[in-house]
Amino acid sequence: MSVTTRKPPAEKSAKDDSQLRQKEMIARHYSRLARAPETGEKNVYTFVPGNLTELLRSFDLLPVLPEINALQSGMRGKSGDYIALAEKLGHSEDVCTYVKCDIGMLKSGNVGPTGERLPKPDLLLLSYTGCFTFMKWFELLKQEYDCPVVMLHVPYQADGRITESMRTYVSTQIRKKLIPALEQVSGRKYDEDRLKECLQRSAQAEEDLVWVLQSAKNRPSPIDAWFGAVYYVGPIFSAFRGTEEAVEYYRALRAEIAERVAQKLGPVTPDGLLTEEKYRLVVEGPPNWTSFREFWRMFAEEGAVVVASTYTKVGGTYDFGFRHDADRPIETMAEYCMGCYTNLDLQTRVGILERYVKEYAADGLLVNSVKSCNSFSAGQLAMLREVESRTGRPAGFIESDLVDPRYFSAANIKNRLESFLQMIAQKRGGPA
Amino acid sequence: MKENLPALVARAAELCRDWRLPSVRAWKQRTGGLAIGYLPVYVPREVFHAQGALAVGLTGAGDDLEIIKGDAFYQSYICHLPRSTIELGLNGSLDCLDGIVFPATCDVIRNLSGVWRMQFPQKMSRYLDVPQNFEREMGGAFYRHELEDIAREVHERGGKQLEAETLRASIRAYNENRRLVRALFALRRNEPWKLPTAELYVVLRAGLVLPVEEHTQLLRDYRDLALLDAERRPMDQARVVLTGSFCEQPPLGLIKTLERAGCYIVDDDFVPVLRWLKGDVSEQGDPLANLVAAFLEDAIDSPVRYCGDGTKGQDLVRRVEESKAEGVLFCAPSFCDPALLDQPMAQAALDGRGIPWTSFKYAENTGQFQVIREQAGTFADSIKLWSEA
Chain A
190 MSVTTRKPPA EKSAKDDSQL RQKEMIARHY SRLARAPETG EKNVYTFVPG NLTELLRSFD
250 LLPVLPEINA LQSGMRGKSG DYIALAEKLG HSEDVCTYVK CDIGMLKSGN VGPTGERLPK
310 PDLLLLSYTG CFTFMKWFEL LKQEYDCPVV MLHVPYQADG RITESMRTYV STQIRKKLIP
370 ALEQVSGRKY DEDRLKECLQ RSAQAEEDLV WVLQSAKNRP SPIDAWFGAV YYVGPIFSAF
430 RGTEEAVEYY RALRAEIAER VAQKLGPVTP DGLLTEEKYR LVVEGPPNWT SFREFWRMFA
490 EEGAVVVAST YTKVGGTYDF GFRHDADRPI ETMAEYCMGC YTNLDLQTRV GILERYVKEY
550 AADGLLVNSV KSCNSFSAGQ LAMLREVESR TGRPAGFIES DLVDPRYFSA ANIKNRLESF
610 LQMIAQKRGG PA
Chain B
-4 MKENLPALVA RAAELCRDWR LPSVRAWKQR TGGLAIGYLP VYVPREVFHA QGALAVGLTG
56 AGDDLEIIKG DAFYQSYICH LPRSTIELGL NGSLDCLDGI VFPATCDVIR NLSGVWRMQF
116 PQKMSRYLDV PQNFEREMGG AFYRHELEDI AREVHERGGK QLEAETLRAS IRAYNENRRL
176 VRALFALRRN EPWKLPTAEL YVVLRAGLVL PVEEHTQLLR DYRDLALLDA ERRPMDQARV
236 VLTGSFCEQP PLGLIKTLER AGCYIVDDDF VPVLRWLKGD VSEQGDPLAN LVAAFLEDAI
296 DSPVRYCGDG TKGQDLVRRV EESKAEGVLF CAPSFCDPAL LDQPMAQAAL DGRGIPWTSF
356 KYAENTGQFQ VIREQAGTFA DSIKLWSEA
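For the record, the sequence lines run as chains A and B.
As numbered in the numbering used here, residues 190 to 621 make up the first sequence, in order.
As numbered in the numbering used here, residues -4 to 384 make up the second sequence, in order.
Calculated from the structure, these hints are not laboratory results.
Yeah, the Cβ is synthetic: ideal placement off N, Cα and C, and Gly gets one too.
Be aware that a few hints might be false.
Only part of the chain A face toward chain B is listed, based on derived beta-carbon distances under 8 Å [to be verified]:
#	residue
1	342
2	535
3	580
Computed Cβ-Cβ distance ranges for the label pairs, DEER-style [unchecked claim]:
#	chain 1	residue 1	chain 2	residue 2	range
4	A	433	B	343	42 to 48 Å
5	B	278	A	578	48 to 54 Å
6	B	158	A	353	50 to 56 Å
7	B	67	A	306	43 to 49 Å
8	B	280	A	278	46 to 52 Å
9	A	365	B	280	21 to 27 Å
Generate the whole structure from the sequences, applying the supplied hints.
In structure tokens form, the structure reads like this:
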């Protein structure tokens, strides 16, 4: 094992300013949700991919994202019990653990990850984007809550493009199904000017986020674009896109990273600053949340930095030019939904990975295949071979799960990761 | 001379079993038409029929083929159907197909469309996104466009142009087929000893590879021959509805095992493409609009079809009551998201009505049925011994 990090002064995990700031933002949002029954603020449960936060915010509605609850529960060591409870209630061991974590949390009193009770939904907005399980998830929630539900069906980009028929389909649903439902729940009329302001702010934040993610093209990379970037995408994926807070956060984040670039600093890992970048990796798939820091350490200890990842595009793919366009408010939201990573066909996903490997000068591709998510995982082995063949760079494969601690085998993952890194090293040195 | 019942059932079973699709190859040789494969659970076969193409339902390789290459494409926690589909593609069994349609059944089949494209870029590979919004103006308009687009692609590959009159004739042909399927289901509900599910299943499944006209004749012959068989008498079996097997199909041995364990399967969801549309599709007016309307407004309840009003499971209760079933078998493939995510809702609905159920899982190549036999046998015994009836 080679140590390539500079330890932080305290025993606890090191965090940079932006990480702390986003943590505060998320905590504040959970507190606001917890107070909603008293303040009278209404909320909408919806999903990260295809979330229409600007639209909700324009009605003064607060988003609640069940996947974020689940991953936060996973990081706080609560998901195992929630999953066990859901399985005891009849949910299969074979299915998505985000769903089971959410059901378990609900059945345990719906106490959110920060320890405060989450409000019941005033509306279930089923943004059916890139994941079949979403549909079943909200059917399950509909059985638990006596509130309206709106299905927004977002077609899959099977041919790697958005057709006029797809755009019209989603836009019409937004106009004719979703907006009337939001008016009903919020008691407010649809205000397009207000929505446009939100969308303008979204575009600003997206611009800065892309700059931050692309800063990983530098050597050394100032960020870890998977482990570290899950903090960076937190505000824009969860509840803040379209808000002034998000604009400020991403402006500050950009400044922070620009400073790191200027100083030629590597990313801050749980054990402090990564001082030596030995491997540059592209990662496909979500991280494991239950052993997140342990997982990250495995990479950091080897000097492996993730320079680009696909997980950070599930809530929106911005790095190929898409920005929310306030001049076409409904259509731009439709296009946003359809462009989320898991709504893209495998060929497009392969193309993205190929570009990442080449443009970020990565040493190889690593797939973290999670048991829970067929949307991501089914087809990853074929994708891996295709990327390997197109780039000539090695690819590795590890398996874990999102929030089920039973599926995180540290020794197994570490072995596979080390073997993969050895393979890269061997390739660099020519034939063994 | 009409073939006898065992010969007819054996012929149907052979059509199901032979994943090399000899009947499809023979049809192509005979007609020169295109053969378009499709994955479960539903595609509008009428469109292909009207274009002179044979719609060929793909259900993997069952328990007859050892999967070697296919396993290299899928992790252990993904169901079996995509592995055997890839295996069949790689070993040449599906070469006779001019294209494959992958409907929006689940994420695995959706992504299989991408894997297929990577492996077989020269073949037509088409994802069919079906609407989960069931209003004509929205989901209907989208779905119509999807169908027109598929028809255009089939035409570009050598199929006939989609014409209203031929499509209307195709709808007529499939309506007749659906009527017979409904009649057979009704017969089995009333007298399950006359139409054992292991037989009915293969006769229905033959419809995945036969031209609809031939399949309709097969259904008619089967009905007539089965009703003539005076040897078939009722036994003291438990009447059950089987649910969860709408995509990856169980091995035939599993169905036989359930019947031998003391269950009369009086309703099931095997090969749902044959019954996806509950009634007849209108044969008047714009035929494509009629197909769209039938999909939106007259389709069966299914785990892959959105149910937003909180009534999940009620349709299963209705089926139990209509078929006078005494219990339900949840029989789903391992790792099948739609079936397994649906199950708690369906089970809650049954519990609410005091309807007993049991559940187990399978893969298409499951080879050991002893545990399932014991479970199903115990379930059937408990119904017969302890039910109020």
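query = Honestly, do residue 158(B) and residue 353(A) meet the 50 to 56 Å range at C-beta?
reply = Roughly 25 Å apart at Cβ, these two residues miss the hinted range, so it is violated.
Practice task
Determine whether the Cβ-Cβ distance between residue 433(A) and residue 343(B) falls within the hinted range of 42 to 48 Å.
Solution key: This hint holds: roughly 44 Å between Cβ atoms.
Hey, does the residue 580(A) contact hint survive, CB to chain B under 8 Å? violated (15 Å)
Determine whether the Cβ-Cβ distance between residue 278(B) and residue 578(A) falls within the hinted range of 48 to 54 Å.
-> holds (51 Å)
| request: Kindly confirm whether 46 to 52 Å is satisfied by the beta carbon distance between residue 280(B) and residue 278(A). | output: holds (48 Å)
Exercise for review: Return holds or violated for the Cβ distance of residue 67(B) and residue 306(A) against the range 43 to 49 Å.
Suggested key: holds (47 Å)
Point to revise | Restraint check, 8 Å cut-off on beta carbons, for residue 535(A) near chain B | key: Hint on residue 535(A): holds, closest Cβ of chain B at ~3 Å, below 8 Å.
Check: For the pair residue 365(A) and residue 280(B), does the Cβ-Cβ distance stay inside 21 to 27 Å?
Finding: holds (25 Å)
The hint names residue 342(A) as touching chain B; please verify it with the least Cβ-Cβ distance against 8 Å. holds (4 Å)
Checked against the numbered hints listed earlier, the structure breaks hints 3 and 6; every other hint is satisfied.
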